[in-house]
Amino acid sequence: MLQEAQAVAGGISGADIALAAKYIAAGLCMGIGSIGPALAEGIAAAHALDGMARQPEMQGALMRTMVLGQAISESTGIYSLLIAIVLLFVV
Amino acid sequence: MIKAIFEQLASSLTHLGEKQIVTLQLGSLQIQFDKAAMIMSWIVIGLLVLLALFLRRALLQDIEDKPNRVQAALDALIDLLQGQLTSSFSSERLGRQMFPFISTLFLFVLFSNWLGVVPGLSAPTQDLNITMGLALMVFVLSQVLAIRAKGMKKYWKGYLEPVPFLLPLNIIGELSRPLSHAFRLFGNILAGTILVTIVTAKFAPIVLPSVLNLIFGLFFGSIQAFVFAILAVAYINVAVES
Numbered sequence: 001m002l003q004e005a006q007a008v009a010g011g012i013s014g015a016d017i018a019l020a021a022k023y024i025a026a027g028l029c030m031g032i033g034s035i036g037p038a039l040a041e042g043i044a045a046a047h048a049l050d051g052m053a054r055q056p057e058m059q060g061a062l063m064r065t066m067v068l069g070q071a072i073s074e075s076t077g078i079y080s081l082l083i084a085i086v087l088l089f090v091v
Numbered sequence: 092m093i094k095a096i097f098e099q100l101a102s103s104l105t106h107l108g109e110k111q112i113v114t115l116q117l118g119s120l121q122i123q124f125d126k127a128a129m130i131m132s133w134i135v136i137g138l139l140v141l142l143a144l145f146l147r148r149a150l151l152q153d154i155e156d157k158p159n160r161v162q163a164a165l166d167a168l169i170d171l172l173q174g175q176l177t178s179s180f181s182s183e184r185l186g187r188q189m190f191p192f193i194s195t196l197f198l199f200v201l202f203s204n205w206l207g208v209v210p211g212l213s214a215p216t217q218d219l220n221i222t223m224g225l226a227l228m229v230f231v232l233s234q235v236l237a238i239r240a241k242g243m244k245k246y247w248k249g250y251l252e253p254v255p256f257l258l259p260l261n262i263i264g265e266l267s268r269p270l271s272h273a274f275r276l277f278g279n280i281l282a283g284t285i286l287v288t289i290v291t292a293k294f295a296p297i298v299l300p301s302v303l304n305l306i307f308g309l310f311f312g313s314i315q316a317f318v319f320a321i322l323a324v325a326y327i328n329v330a331v332e333s
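Those sequence lines, one after another, are chains A and B.
Take 1 as the starting number for the first sequence in our numbering and just add one per residue.
Take 92 as the starting number for the second sequence in our numbering and just add one per residue.
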């Protein structure tokens with residue numbers, strides 16, 4: 001048993017570990033990094049809908065402000081995406 | 092034949108994100124640029140110039156002529172832009188002054204994003220250099236407008252407010268704007284391209300890509316172009332106001 005494990009471990013080089021770490025890091029980066037923007041965009045949309053239901057005549061202005069706010073809160077998600085892309089394709 | 096298509100798709104996957112760098116030597120000056128991004132942005136510019144010439148010719152004709160379909164569509168587009176963009180500026184004068192620039196920015200980004208849907212062509216906005224160029228343009232413009240609106244002394248004093256201790260933070264805050272502006276567009280378009288390419292090459296090369304292209308290329312492309320223009324408006328507003 002121990003010998004088998006040692007044989008398997010002996011076949012793993014440092015480059016393999018680095019490759020695995022790269023993929024795990026990219027996955028974690030996207031997974032954790034997209035929680036924040038997703039929540040933020042949902043909250044922005046919910047409150048904008050609240051406002052639209054209360055004052056339907058304000059729909060245009062609310063829509064524009066909502067899209068702007070969502071785009072800004074999205075940027076952290078975009079940063080984590082860029083880091084994931086750098087991890088996958090560049091590093 | 093289907094196998095050949097599959098192989099071509101798989102090879103496009105391995106070349107994802109690769110760039111063909113062309114180097115120009117002008118005297119002592121060395122210029123490097125990405126071939127695809129360069130050609131695609133020239134295609135977009137040519138398309139926009141052709142549309143403008145078409146609209147101009149249509150406008151020069153007799154006023155009694157009924158406008159044809161393309162002209163009517165372009166008129167409606169300009170009306171929509173005027174309504175959406177001019178009203179988001181802090182003052183109407185500024186809106187009138189800045190409308191040509193912001194609408195040009197919007198149209199360029201919109202057509203760039205839509206170009207990625209055409210097979211064989213790629214969106215120039217998936218190159219960071221192009222989006223960074225556009226964002227720097229907005230950055231320089233907003234700084235110049237801020238200096239013009241407030242005067243040199245008040246502009247530099249604005250960096251020391253509310254307390255001089257915050258000077259580095261203010262400078263970083265100012266410089267991070269063009270960065271996030273450029274990265275937002277670039278990241279969105281690149282993510283869409285990568286997703287569509289991976290799904291096409293690995294899972295479903297027949298029906299799903301067209302749907303995904305519709306969502307990522309046309310729908311998200313228009314939204315991102317609108318967001319880019321509105322953010323430019325917001326940065327200019329902030330620069331002129333405070």
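No lab work stands behind these hints: they were computed from the structure.
It is possible that some hints are incorrect.
[What the hints assert, rightly or not] Take a look, some chain B residues computed to stay more than 12 Å from chain A by CB distance:
#: 1; residue: 121
#: 2; residue: 149
#: 3; residue: 187
#: 4; residue: 195
#: 5; residue: 242
#: 6; residue: 257
#: 7; residue: 282
#: 8; residue: 302
#: 9; residue: 318
[Stated by the list, open to error] Just a few of them, taken from the derived set where beta-carbon distance is under 8 Å, the chain B residues facing chain A:
#: 10; residue: 248
#: 11; residue: 250
#: 12; residue: 322
The structure presented is a predicted model; accordingly, all values stated were derived computationally and were not measured.
We put the beta carbon where it would ideally sit given N, CA and C, even for glycine.
Status of the hints after comparison with the structure:
1. In this structure residue 121/B is separated from chain A by more than 12 Å, as the shortest Cβ-Cβ distance comes to about 23 Å.
2. Once the 12 Å rule is applied to beta carbons, residue 149/B is consistent with being away from chain A; the minimum gap is 29 Å.
3. Distance to chain A confirms residue 187/B as a non-interface residue, since its nearest Cβ pair spans about 19 Å, more than 12 Å.
4. Every Cβ of chain A is farther than 12 Å from the Cβ of residue 195/B; the closest lies at roughly 20 Å, confirming the non-interface assignment.
5. The claim that residue 242/B lies off the interface holds: its Cβ sits roughly 29 Å from the closest Cβ of chain A, which is beyond the 12 Å cut-off.
6. Every beta carbon of chain A lies more than 12 Å from that of residue 257/B, the smallest distance being close to 21 Å; the non-interface claim holds.
7. Distance to chain A contradicts residue 282/B as a non-interface residue, since its nearest Cβ pair spans about 6 Å, not more than 12 Å.
8. The beta carbon of residue 302/B is kept farther than 12 Å from every beta carbon of chain A, the shortest such distance being approximately 22 Å.
9. The claim that residue 318/B is not at the interface with chain A is violated, since a C-beta of that chain comes within 12 Å of its own (minimum 4 Å).
10. Taking 8 Å as the C-beta cut-off, the interface hint given for residue 248/B is violated, the closest approach to chain A being about 27 Å.
11. Restraint check, residue 250/B versus chain A: the minimum CB separation of about 22 Å is more than 8 Å; hint violated.
12. Annotation: interface hint on residue 322/B holds; nearest CB of chain A at approximately 7 Å, less than 8 Å.
Violation of the numbered hints given earlier is confined to hints 7, 9, 10, 11; the remaining hints are satisfied by the structure.
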